[in-house]
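Undergrad: Chain residues, written in single-letter form:
Number of protein chains: 2
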Amino acid sequence: MYNVMVIFEPEGRKVAVPLGSTVLYAAREAGIGIRSECGGKGYCGKCRVIIKNKKAVSRMTRVEKKHLSKSEINLGYRLACQTRVFRNVLVIVPKESRLETRKVLVTGLERRVELKPTVRKLHLKLPKPTLLDQRPDLERVLDTLSEQVKSDKWNIDYEVLKRLPDLLRDADWEVTVLVDGNRIIAIEPGDTSNYLFGFAVDIGTSKIVGHLVDLTTGKTVAVGSIENPQIIHGEDIMTRITFAMANNANLERLQKLVIDGINKVLYEVCQKARVDPSRVYEVVAVGNTAMHHFFLGIQPKYVALSPYTPAVKKSISFNAKKLNIEVNRRGIVTVLPIIAGFVGADAVADVLATGIYESEELSLLIDIGTNTEIFIGNKEDMLCCSCASGPAFEGAHIKHGMKAVTGAIEKVHISSDLEVQYETIGNVKPSGLCGSAMIDITAEMLKNGIIDTHGRFNSNIETKRIRKNNNETEFIIARSNETATGKEITITQKDIREIQLAKAAIYTGCSILMKRKGIREENINTVFIAGAFGNYINPVNAKIIGLIPDVPTEKIRFVGNTAVTGAKMALLSEEMKKKAEFISKKVRYIELANDPDFNKEFVEALLLPHKNLNRFPSAHTGVVRT
Amino acid sequence: MYNVMVIFEPEGRKVAVPLGSTVLYAAREAGIGIRSECGGKGYCGKCRVIIKNKKAVSRMTRVEKKHLSKSEINLGYRLACQTRVFRNVLVIVPKESRLETRKVLVTGLERRVELKPTVRKLHLKLPKPTLLDQRPDLERVLDTLSEQVKSDKWNIDYEVLKRLPDLLRDADWEVTVLVDGNRIIAIEPGDTSNYLFGFAVDIGTSKIVGHLVDLTTGKTVAVGSIENPQIIHGEDIMTRITFAMANNANLERLQKLVIDGINKVLYEVCQKARVDPSRVYEVVAVGNTAMHHFFLGIQPKYVALSPYTPAVKKSISFNAKKLNIEVNRRGIVTVLPIIAGFVGADAVADVLATGIYESEELSLLIDIGTNTEIFIGNKEDMLCCSCASGPAFEGAHIKHGMKAVTGAIEKVHISSDLEVQYETIGNVKPSGLCGSAMIDITAEMLKNGIIDTHGRFNSNIETKRIRKNNNETEFIIARSNETATGKEITITQKDIREIQLAKAAIYTGCSILMKRKGIREENINTVFIAGAFGNYINPVNAKIIGLIPDVPTEKIRFVGNTAVTGAKMALLSEEMKKKAEFISKKVRYIELANDPDFNKEFVEALLLPHKNLNRFPSAHTGVVRT
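For the record, the sequence lines run as chains G and D. Going by the working numbering, the first residue of the first sequence is number 1, and it counts up by one from there. Going by the working numbering, the first residue of the second sequence is number 1001, and it counts up by one from there.
If you are wondering where the hints come from, they were derived from the structure by calculation, not from laboratory data. A couple of the hints might just be wrong.
Stated by the list, open to error - The calculated SDA-like cross-link candidates involving lysine to any residue, where the alpha carbons are at most 25 Å apart (straight line), are:
(1) K125/G / P1307/D
(2) K1585/D / P307/G
(3) K1586/D / L126/G
(4) K399/G / P307/G
(5) K153/G / S1151/D
(6) K1125/D / P307/G
(7) K52/G / A484/G
(8) K429/G / Y77/G
(9) K301/G / S1151/D
(10) K1585/D / K494/G
(11) K1128/D / L126/G
(12) K153/G / E1581/D
(13) K1411/D / T1453/D
(14) K301/G / L1131/D
(15) K517/G / T406/G
(16) K1321/D / L1418/D
Treat the numbers as computed from the prediction; the structure is a model and nothing was measured.
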């Protein structure tokens, strides 16, 4: 195979790839993160790169011409997924095409948990064998162990038993035993009982977030996160599932990527806290059902195809080495249970963290993402559903949408003279709009009469910020001289439609669950909004556009990344693991598509805030100027 | 490294070995079995080979001169362990130096056992998933499984779960589940519930004996055996332990050899019964404590050194793949528990097989070997000990001693005119004497006054069969024209001493246990004699020489290889595994060396039958002619 050299700027990183490879492939090989929501199929147009030497690469395709303007083409813009390299070439990756460090919530709602982890360490001083005490090595350990912990059903892993005689004698009969229930999973020489760490990890579609916890104190000693490395095979989960469906090699590749990512976060937190990774003995992992399957290397295809059946619901534990998780080689991994194909272990962790399953009061819990999971109920009964809210709030399918990373506009206010104020993440020049900005913009435009309850632009409004572009109306949020890209950031009629679809999906989920449960807004004591995205939403604006039910603002609690909090609780306490299992069994999953009212509800919820304004008495008052 | 070629005759097998290698090493490399009781140290003198070209090999050592006669040296005899090769050379391995197929008891005492094996197969027809039944794959399996077997604590191995979604769909929702307790260890497509086999194996120091059992019927479908391949590192266990003590590589080599041997027996029985080895799902293994450790790859050094502590006593189970046992890759291996450093899982199996631990009546159980294990007691209380009876009865340390293989004299009668009648194994010309012949010879010589109660030759007896050789008196059993080797087979004064030492050790064990238990011969209901060797012993002669207590002959039962029978019972029944564990805990081990009477007892037992003739009222009556 003949190789050509591709150099990526500004890093100057070189990579040799087979002649005819795409630039996107070369970027992956070089470890350069390029946005590719569609996984390299030419649908999203996000993987723009600049190539000056046209002769080194393939001719421009139709797909590229659709996504790029003439002036861009003149500047050398190409789509990395469409462009194949035939000679050594230099590729510039512009800012807007880069996968960047995303702002993420790594701390969540901390609830008090009794410190009683599944893995425990016991320091033992063993009596030495004599002719009058010829007890075998293992029984000697078990007898001493049983003085501290009662059990007559001790088991030992074969690998530990195998090395026991030399270990005990080399340690001069003073050892520390690591137990998991009634199973001995490791024996270490000397007293190491002060070194007992655990790692809680939320495997998100976009981010992997990990907390390192000292299991002797219950304290979180370091937190870390990383972009999910699977993103090179598509930003959305369906693209990745499609990739994995093709063959087991692809599935294994995705599994390896996510495990590599977890190991990176593990090393990051261990470095921060100066903890030897071999002192980490348990990992509790959560993630949506697809990530749960990817992590375990289980084919996720049947989760994606009707009737959407996952492989397993209950919690499972196994040796960390089986997945090459680089904690102690005798350590264990526990994956919390899931509820259904679209309600995963992360959602179970949400419920565990908020405690709504053991409260007398009725709560509504919404974890917003591409799939939004919604729970309603209390200790008596819990219902849940999953809404295909889509990736709009994460920046996809929105002209200037982007994830909540540095440079994203996250807050927007439109004054009565239709001027715009905004804040960007990292206080830098803006590059695009993240989800919370979209909610603000929609609400502010509605309040100021720029759009009507149907989401249509009001043709009577006159401002230079509204203009036609390619036959589509758009509103300018940031002018070209204000932005990092030198291009205007706008919100289009189509963008508004996407936001309406997303918010209608979420609200429909809430309203169908409320109907099934036979309750109204006033019965709800607390609305928990979870997800890394959630913390930046303006709750009033969320009600104004009809994203969430109209409850008093003081009843709305943003709880951040409750998934990792729930995972951490399970790490700290065996009891919490049992509660997670209980939640997984107790919660009744409602398939929205099966509800006879679904279509009607959804169509009505497309309006801003809703067709039935009685549902939003506080929100719509005095909102519509026209 | 410069290699030379060694050719072994009569096979004509060639092997290239580094210049200066011993002939014994070359034979091992060539796969030629040469006797080497001492493991190649020059002590035993059994590894005789004939080399015509003296210039191709090293000069004769002092050790060789000690073991070889002048005429043998002239014929080209050398010891393979002492002779190093420096040129291409032809080596003849004479019959008497060969490791041959040994006669072995593979069936034992069959007791009735309720068929309820640990591993079970359940054929399941699963309802297909629909939008109204979205249960996950595993829960679908568990729900259907629970209709047949009640358990709410089902576990599944990660490896099985990982492949579950495709497996269920490929099998069109009809599968067979293999369970071990509440753990699912395998799932197979279709109905395979009729194919469920187990393998019981007794890992002896000399032989590996295996029974293939159909676990759906409880029937033994094939039996097989092999010389323990570890024999190339020494016939006796201490030589092997010494080898393993040197380093872990040696230990691993010995482990690999025994596992290779087990796999060979497995393939042998599977071929005989035409059973696919992947249909074998459980292996139950027994062996003495050292073999138990070798099998598990556990350093046996501390079993051999004071205070003789084994690594583990309790039964252990693990995945067969961990030890490369070539049954089903999800199959399990269970090693039965041991009692002490010199009372292993094979002895536990003896007790299980004979049922003496649950009998009202008092029994004595003697499993004769290099180490002889003795049990006494009933359901109330059991004592045991181990006697270093030595390898005399297995042919070692006896001038013309050999194992019970083809060509060994196994029965001997000496008539009053001092003529000898004998029977050989396989009805061929004799090559030497096996253990049962030694008992007969000692008893017959005693009865005929050829030796006295002290084991001394009677100088008053006149017969051509008695002669002096190298200043030692010996008695000719077979004349040179009768034997396979063309050399006389004799029993020497030194041989008689060795036999006295062996029988005294065994009887002392019995008498100390009887004393500790406070019982006499008349209290014993049954004497069980176990071990492959045991079946050929003449019980009257055994009493005449004082090998076993003087009980009526009808109370003596030869039960053969009860070790493999016990292993098979544990394979057939979970309950029997629990009983083995019970035996291991209940039996009290007596360290003979700690008994104050040991030395006195032993010295008195050296006499034939005993110093105190009151102990052998039936045996000694009319025995001594002088």
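Undergrad: For every hint, state whether the structure bears it out.
TA: Against the structure, the hints come out as follows:
1. Note on K125/G and P1307/D: the hinted pairing holds, with a Cα-Cα distance of about 19 Å set against a maximum of 25 Å.
2. Taking the CA atoms of K1585/D and P307/G, the gap is about 54 Å. The hint is violated against a cut of 25 Å.
3. Under the criterion of a C-alpha separation no larger than 25 Å, the hint pairing K1586/D with L126/G is consistent with the structure, at around 23 Å.
4. Proposed proximity of K399/G and P307/G is contradicted: the alpha carbons are some 33 Å apart, above 25 Å.
5. A distance of roughly 19 Å separates the Cα atoms of K153/G and S1151/D; the hinted pair therefore holds under the 25 Å criterion.
6. Taking the CA atoms of K1125/D and P307/G, the gap is near 19 Å; set against the 25 Å cutoff, the hint holds.
7. Distance check on the hinted pair: K52/G and A484/G sit about 22 Å apart at the alpha-carbon level, within 25 Å; holds.
8. The suggested pairing of K429/G with Y77/G holds, with an alpha-carbon distance near 22 Å, which does not exceed 25 Å.
9. Distance restraint check for K301/G and S1151/D: the Cα-Cα separation of roughly 30 Å exceeds the 25 Å cut-off, and the hinted pair is therefore not satisfied.
10. Using a Cα cut-off of 25 Å, the hinted pair K1585/D and K494/G is violated, with the two alpha carbons roughly 78 Å apart.
11. Between K1128/D and L126/G the CA atoms are separated by roughly 55 Å; this puts the pair beyond 25 Å, and the hint is violated.
12. Taken as a hint, the K153/G and E1581/D pair is honoured in the structure, with Cα atoms around 12 Å apart against an allowance of 25 Å.
13. A distance of roughly 22 Å separates the Cα atoms of K1411/D and T1453/D; the hinted pair therefore holds under the 25 Å criterion.
14. A threshold of 25 Å between alpha carbons decides the hint, and for K301/G with L1131/D the separation of about 16 Å falls inside it, so the pair holds.
15. Annotation: proposed proximity of K517/G to T406/G is violated, straight-line Cα distance about 41 Å (limit 25 Å).
16. Note on K1321/D and L1418/D: the hinted pairing is violated, with a Cα-Cα distance of about 59 Å set against a maximum of 25 Å.
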